[in-house]
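Line order of the protein sequences matches chains A and B. Using the numbering used here, the letters of the first sequence map in sequence onto residues 53 to 452. Using the numbering used here, the letters of the second sequence map in sequence onto residues 328 to 637.
There's no promise every hint is true.
Chain B side only, calculated, beta carbon under 7 Å to chain A, not exhaustive [what the hints assert, rightly or not]:
1. N343
2. F455
3. D456
4. I461
5. L463
6. T548
7. I592
8. D602
Not close to chain A: a few residues of chain B, all C-beta gaps over 10 Å, as computed [claimed, not checked]:
9. N331
10. L414
11. A415
12. P419
13. I444
14. L492
15. V522
16. S575
Rather than coming from a laboratory, the hints here were simulated on the basis of the structure. Positions of the beta carbon are idealized from the N, C-alpha and C atoms, including for glycine.
Chain by chain, the residues:
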Amino acid sequence: MTRRIVYVLLIVAMTTMLGATATAQDDMEIYVLGVALPFTGSFGTFGQDFERGIDLAVAQMNGELEAAGSAIRFETASADTEQTPEGAARALQTIVQTTGAQVVVGPLTTSEVLGAKQFADENGVIIVAMASSGPAASIPGDNIFRVIYPPDTFSSKAFASIALERGHQNMVVLYVDDPFGNGMNEQFIKNYQASGGGEVASFGYAPQSTELSAEAAAVSAALAGFGEDAGFFCVCFPGAAEAFVQVSQIDPILTSVQWLGNEAMTSDEMLADPGHAQTLANADFVTVSQSADSTPLTPIFHADFVAMFDKEPGIFTNYAFDAANIAMLTMLAAGNDGAAVKSMLPFISNHYIGTAVQAFLDENGDQAIASYGIRQVAEDGSGFVLIGSYDGNTDTITYK
Amino acid sequence: MGDNLPPALLTTSLVNTIQIGSLYALMALGITLTFSVMKLPNFAHAEYATAGAYAALIVSLSGVLNPLVIMIAAFVVGALSALISHLAVFKPLERRDVSFYTLILASFAVGLIIRYILFTMADYFNLFDLRIAIPLRVLFREGTLILSNLFAWVVPTSLVLVFILTLLLNRSPLGREMRALANNVNLARVIGIPVERVKNYTWLLVGGLAGVAGALWGLQTAVHPLMGWGAIISVFAAAILGGLSSFSGTILGAYVVAFSENTVILFLNVNYGVDLAYKPAIPFIIIIVVLLFRPQGLTKLIRRAGDLGR
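The following block holds chain B by itself, in its conformation from the complex (with noise of 0.2 Å):
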């Protein structure tokens, strides 16, 4: 490929497929995390990105640019609202026995609610648009390599919180315990696991981590109340990729459909005129191509990896 694609390209193209890829990662293992523990796709879980975007956001703007304290609040503020929308919502309609479809159909009205307190709010404040006042400065330039303050949080933010995730599910009471949830929830119960709990820990952790993905994301670019919706569909097609179970497979398919936005559609567009327009098309390709013909995702191919569940 670097044959066909300048190498200034190649290079930018990459560094923007691992940051991006990073972002993806982190906001994909909460919808993995979701579906294994709750058995539920969550499409509102872009909404709790946006959250703790804007959460991050009014917190720069008031003065605080303590990038750790923004962190900190989006993943509050993230958490709250995942765990607020399963006890408001989720929760009573589990209760009911309702279907799975009628959870989907609920989290997307979970979603369309806090977006538009969210729209309400951002329009009332003003506040649509703007960036986290962390100035953004060049850290690193060697050729055409070129890393940024920003590469130099998201990447480093990622990686350590997906690590803390995979030692929390796999050595910690905690993790052993949704990991028994993931598998089969009765049992779990009889078994004396407090299920209730567990979820609502998992709630919270779906949500913190996918509203620090939210305030990295506002770095990276405009912080809107249509924010995590618009990149919904990247995430979801990384966790479709990762088969929606194995963390390790989300990983990689997060970094998959970043590198097919970031690098492979600049080698359609420079070596086959495809437009660059069509980049929205790629995560819904994978979809569908992945749902075709391997409905399983990843999995297989990185059994190794700690797989949820087994």
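Isolated chain A, as found in the complex (with noise of 0.2 Å):
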């Protein structure tokens, strides 16, 4: 009797507690925030990471709506853009119909932005990229914002100052034909010469290409055809930027003139080959890339990331955690609803200190902060040292 009496008991407290369990979750309002970056493809390393970080600011924010007894939780709905604007339009339009995500933190590249943007101005859905920075995708009003990083106007014009101060008459441009490059190479030409530079020939390559041996000898006659004036400035992804350097590395006029090249060429993949990292180092290599500076945030977020996922933190992983948390934030303050979070992002925006800049938007939602670093190769191509700094706002170049 006493073991019956017992069993009732247990019954009714679990259920009890089960009820009280349905009811906080039945009380809990779910905001999906979707996010659409290229798990495959030769990006997918960096997909993944950034997913990373977008799924520690999630479980931050989680963490803290609870502490604070708030009914509203976040989920993410990952999608695969393949590295592709077709991609990017299909992971958009999976994620929006079927989780009814108002917004999407991603995708990666500008033609994978530019491929979204139809899907997403259509049917309201705000997309917060994170590392996209081409012109082609700077249109006020539409419903792409590109919160860390700011768009290439800037830095072309960093690259074009550089190529004029270092006495280049003439320049050689290899460019990943994609919005990307292509708007890289315009603005950069478009720069140069308003400032006094001289003729410059453009070679486009197509972004699957990993093997450049046409495209190198082409860029190394073109500078022949110059003379000893001429410098040259690569535009590349990684993986081809490694493969350029590679076939350029027994050639005498590419290893004799002094280079400029984007970002992609400064991985740490690059310097791992002594060939490559020689190569830059004879180069004079020097880079523009947004400057990273330490916030108060930047050890935190490096800290945690290290111990949610047990490695380190990639390249820009920061950029897509500090994205999210612009969604995020202006999510929980607009509502879950596309139109409010359009009219609210650059508000909360423009009040946010991420892990590695201030962001701050100008009228086509794109980052206004052009605050650049410059780096070069050190002479033993153990790594890049920062020899200096542009400011994008006022166009000026300051040496260490």
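Fit chain to chain and form the complex, with the hints in mind.
Here it is, written out as structure tokens:
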């Protein structure tokens, strides 16, 4: 008899507990944060690392919401953009149609962002991109916000100024033939020639190419045609950058001129190869990339990331973390509604101090604070040394 | 063409043609062999090359810089990848007598599986865009002609392997058995040829060649899980130019594709302003033109060279 009473009490207690849990879950309001990134393709490693940064931001936000007694929780819904514009459009469509997400963090590159743009604009979905910088996506009034990395209209000026300071009378550009590369190439030519630079010979390469022998031969021939005062500017994606340096190592022209290059050329993988490191050192290679100065949040992000994933965050992973935080803070303020988020996001963004940079948006919804570091390969090729800075807002280069 | 292409550019592009054409040939021969003996246009072939490249990379990163050891490691891993995919997927499907198209789809699936196993491994060990650690240096320089140690490795290795393969197919008992399978598998079985064993050897050979090609390709570019897949269209174009049945046709096809991608595109760029970004379109154009106008490839032009199955 006693045992029966105990069983009944247990059942009643469990039912009560389950009921309470169910009630608590029913009361929860779930906001879905879409994540559209390239999980496959040559940028797959970036996509996976960025997703970890977003997962960390969501976990921290949910922890704080729980501690504050809020009924709102965030969940992520991810889809692979396959590093193509079509893939990005499909990813956005999949996320929105399967989860009803109104805000999507990503995609990575400008071509992917532009691929997803039409669907986002037509369906009131807000894109919060963390690394896209191609000028082609600087469009006022659309649903794209590029909250961390400033558009290349700034960095292209810095590259043009450095080329002229180095005395390059003419330039040869190798660029990836996509909206990012095309934009950088066009802006560079415009700024370089407007400031007194001479002729520019440009060669595009297909984004999927990783064997660039023909391109290296063409660049070398163009440099030879220009003579000693010419310089070379490489606007390449990772993978192609390593492949280009690889085939350039034995070219007498390419190894005798000075190089400029985008930040994809500054990967650890590049300098891991002694031949590549020496080639870039001999070329006095200089790059311009957004200043990632330390804020009070930087070491905290780093420690939290390592604690959660037991690995170091990759390059720019904190940008994804920051973009996710801006998106979530805006949703908390404006609700889970695309139109409201679109209206509110610039205000939230402009009051957000991230793990690397202050976010502040211009009329196109792009990062307006354009503060860059200028880095050069050390003479022994052991690493990149900060040699100066570029303030895009005042168009001023300052060397250390 | 030389009148319109600066001499330095022409020389460099021709050196590149020979170097890259040799790599294409090594990979394309495996496709031709698989198609001839197994009747399968194997789209997983690219992944055997990538697996071989990763084997070579890992061996070189471990400090072993002997090119021969690196190539042997690449051959073994490429060969095992091919054999495992045959035993695990293609052989069971053949037993079920599935259609030709099912086998093609299966080869895509096998390729995807291997590729993403490599992706997972590369992500875990951070092995993206690294180069096999054999330093590149100039061996010969005369005027505009520059030959590197890479050229000295790639071209002779490819030619020697092609020669050995030709000898193997034409002069060895295994080669005769392979040719018998290529002709008529049922007849080969009736006359007592151990069909399954010959197929296993064929897969080992095909995968091994692809593995070595991958290792050499990894010296040319950077090793990445998509490395082989990035070259597969050019390689298939070479094999299709060879009619998918002729070794000599395939080798010629490989050099034609490499010539188009390295010399013709530069000629078009210099003289007509055609953007180099159109380079990846060249193998597609070759495939379409060949399939439309000469589906038998170049075989009839070089009939005297060692055709399989004749």
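Structure-based check of each hint:
{"no.": "1", "hint": "N343", "verdict": "4 Å, holds"}
{"no.": "2", "hint": "F455", "verdict": "5 Å, holds"}
{"no.": "3", "hint": "D456", "verdict": "5 Å, holds"}
{"no.": "4", "hint": "I461", "verdict": "10 Å, violated"}
{"no.": "5", "hint": "L463", "verdict": "5 Å, holds"}
{"no.": "6", "hint": "T548", "verdict": "4 Å, holds"}
{"no.": "7", "hint": "I592", "verdict": "6 Å, holds"}
{"no.": "8", "hint": "D602", "verdict": "5 Å, holds"}
{"no.": "9", "hint": "N331", "verdict": "12 Å, holds"}
{"no.": "10", "hint": "L414", "verdict": "27 Å, holds"}
{"no.": "11", "hint": "A415", "verdict": "23 Å, holds"}
{"no.": "12", "hint": "P419", "verdict": "27 Å, holds"}
{"no.": "13", "hint": "I444", "verdict": "13 Å, holds"}
{"no.": "14", "hint": "L492", "verdict": "24 Å, holds"}
{"no.": "15", "hint": "V522", "verdict": "38 Å, holds"}
{"no.": "16", "hint": "S575", "verdict": "25 Å, holds"}
In terms of the numbered hints stated before, the structure departs from hint 4 and from no other.
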